[in-house]
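Colleague: Taken in sequence, the protein lines are chains U and W. According to full-length UniProt numbering, the residues represented by the first sequence are 1 to 196, in order. According to full-length UniProt numbering, the residues represented by the second sequence are 1 to 196, in order.
Misleading hints may appear alongside valid ones.
Given that identical chains are not distinguished, each listed pair holds provided it fits within a single copy or across any two copies.
Stated by the list, open to error - For lysine to any residue, the following SDA-like pairs were computed, each having C-alpha atoms within a straight-line distance of at most 20 Å:
| no. | residue 1 | residue 2 |
| --- | --- | --- |
| 1 | K179 | R166 |
| 2 | K113 | S48 |
| 3 | K179 | E169 |
| 4 | K113 | N149 |
| 5 | K179 | R161 |
| 6 | K84 | E65 |
| 7 | K113 | G152 |
| 8 | K84 | R69 |
| 9 | K84 | R114 |
| 10 | K84 | R122 |
| 11 | K179 | D162 |
| 12 | K179 | P27 |
Note that these hints are calculated values from the structure, not bench results.
Number of protein chains: 2
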Amino acid sequence: MAQPVTDDGLTTRQRRLRPVLMVHTGPGKGKSTAAFGTALRAWHQGWSIGVFQFVKSTKWRTGEEHALRVLGESSEGGSVTWHKMGDGWSWIRRPGTEDDHAANAREGWEQIKRDLAAETYRFYVLDEFTYPLTWGWIDLDDVLDTLANRPGNQHVVITGRDAPARLIEAADLVTEMGKVRHPMDAGQRGQPGIEW
Amino acid sequence: MAQPVTDDGLTTRQRRLRPVLMVHTGPGKGKSTAAFGTALRAWHQGWSIGVFQFVKSTKWRTGEEHALRVLGESSEGGSVTWHKMGDGWSWIRRPGTEDDHAANAREGWEQIKRDLAAETYRFYVLDEFTYPLTWGWIDLDDVLDTLANRPGNQHVVITGRDAPARLIEAADLVTEMGKVRHPMDAGQRGQPGIEW
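The shape of chain U in the complex, shown without the other chains (with noise of 0.2 Å):
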């Protein structure tokens, strides 16, 4: 397929070197595999990454997690540093407990603004961060305005479900997870290697 003539000035290798801002949502799996499987390319290129967890369960991305860890300390490829949103920081909100995780989940956002100054990663992952988002933790005018104006070449990658409509507009790729069968519908339950 021919690429679209474009007149914007800019050489291909210019056009290469554009910083990205991708989002993976939609209701099927494979949002968060796909930005971690995106950050193994990050990896080899010799990126530092920045993981961003906004999850519950420590044990939803332990296998991530780890290999992230093994390939950031192995001599090769880029450096892996992981955030935790919080210790035991939840996406689902329990009774009385909602004012500590949007306090997290904002303390959370306030490090990424500051990484993004200081250009601390190259490539970020903020995985979940649609939740906060939705929930009105983390405002959403702060966060388009923060990444239309980051300096520098980063990459970023969202994911989670219910992407707002003024983040898709903003990103540069955006992929929508469709679920056209998922295992738990007949009953299987979630299994380790596969779920984690």
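Once you've looked at the hints, dock chain W against the given chain U.
Modeller: Leaving out everything else, chain W in the frame of chain U:
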């Protein structure tokens, strides 16, 4: 959300340990990266991983191959074996070369059959495997029969566009990656760390 009630007589543990056939299809990005992301979980479980790469370019999965090689050679997690379907095998048809490509694809499938029969691996990635199926290079009936009767507890993930309807029907977990927006639509070229 409550689990659906089942009366299949299996314990939760038995249901957890069922072999899973996964299919990642659709026009969007993330089919292969999600497969390799899931492979990180398999590696974390200490499972042996066999990757069968039905793609053309050596650079397309360079990052994933590099990362999985380092993981497989580390002292942690499972082993990784990476197969490429014929040296220079291509899913892009070129005049006069189709027969060789078809033969190479069939050779790859025969190897997969032998490995499934021998339970060589616990987790299989059949990357871009839908293309030789679609083109009739590999017999779909043979694939469905082999997968349905594979022994033990071997998990298989198949990626590629336009997965045949009967393969989708046979799968336990199917995700359709939909393209919402891709940078190439705006003249962006593929770039290292993102596309490979």
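Colleague: My question is about K113 and S48: at a cut-off of 20 Å on alpha-carbon distance, are they close within one copy, between copies, both, or neither?
Modeller: For K113 and S48, only the intra-copy Cα distance (16 Å) is at most 20 Å; the inter-copy one is 39 Å.
Colleague: Taking 20 Å as the upper bound on the Cα-Cα distance, should K84 and R114 be classified as within, between, both, or neither?
Modeller: within (16 Å within a copy, 43 Å between copies)
Colleague: With 20 Å as the alpha-carbon cut-off, assign the pair K179 and E169 to within, between, both or neither.
Modeller: between (22 Å within a copy, 13 Å between copies)
Colleague: For K84 vs R69, is the C-alpha pair at or below 20 Å within one copy, between two copies, both, or neither?
Modeller: For K84 and R69, the Cα distance is within 20 Å only inside one copy (14 Å; across copies 27 Å).
Colleague: Taking 20 Å as the upper bound on the Cα-Cα distance, should K179 and P27 be classified as within, between, both, or neither?
Modeller: both (6 Å within a copy, 14 Å between copies)
Colleague: I want to check one pair: K179 and R161. Are their C-alpha atoms no more than 20 Å apart within a copy, between two copies, both, or neither?
Modeller: Intra 12 Å, inter 15 Å, cutoff 20 Å: intra and inter.
Colleague: How would you label the pair K179, R166 (within, between, both, or neither) given a Cα cut-off of 20 Å?
Modeller: Classified as between; 17 Å across copies, 23 Å inside a copy.
Colleague: If the cut is 20 Å between Cα atoms, do K179 and D162 qualify within a copy, between copies, both or neither?
Modeller: both (14 Å within a copy, 15 Å between copies)
Colleague: Can you tell me if K84 and E65 fall within 20 Å by alpha carbon in one copy, between copies, both or neither?
Modeller: For K84 and E65, only the intra-copy Cα distance (11 Å) is at most 20 Å; the inter-copy one is 27 Å.
Colleague: Please sort K84 with R122 into within, between, both or neither, judging by C-alpha distance up to 20 Å.
Modeller: For K84 and R122, the Cα distance is within 20 Å only inside one copy (19 Å; across copies 30 Å).
Colleague: For K113 and N149, with the copy left unspecified, which applies at a CA distance of at most 20 Å: within, between, both, or neither?
Modeller: within (11 Å within a copy, 52 Å between copies)
Colleague: Are the CA atoms of K113 and G152 at most 20 Å apart within a copy, between copies, both, or neither?
Modeller: within (14 Å within a copy, 48 Å between copies)
Checked against the numbered hints given earlier, this structure breaks none of them.
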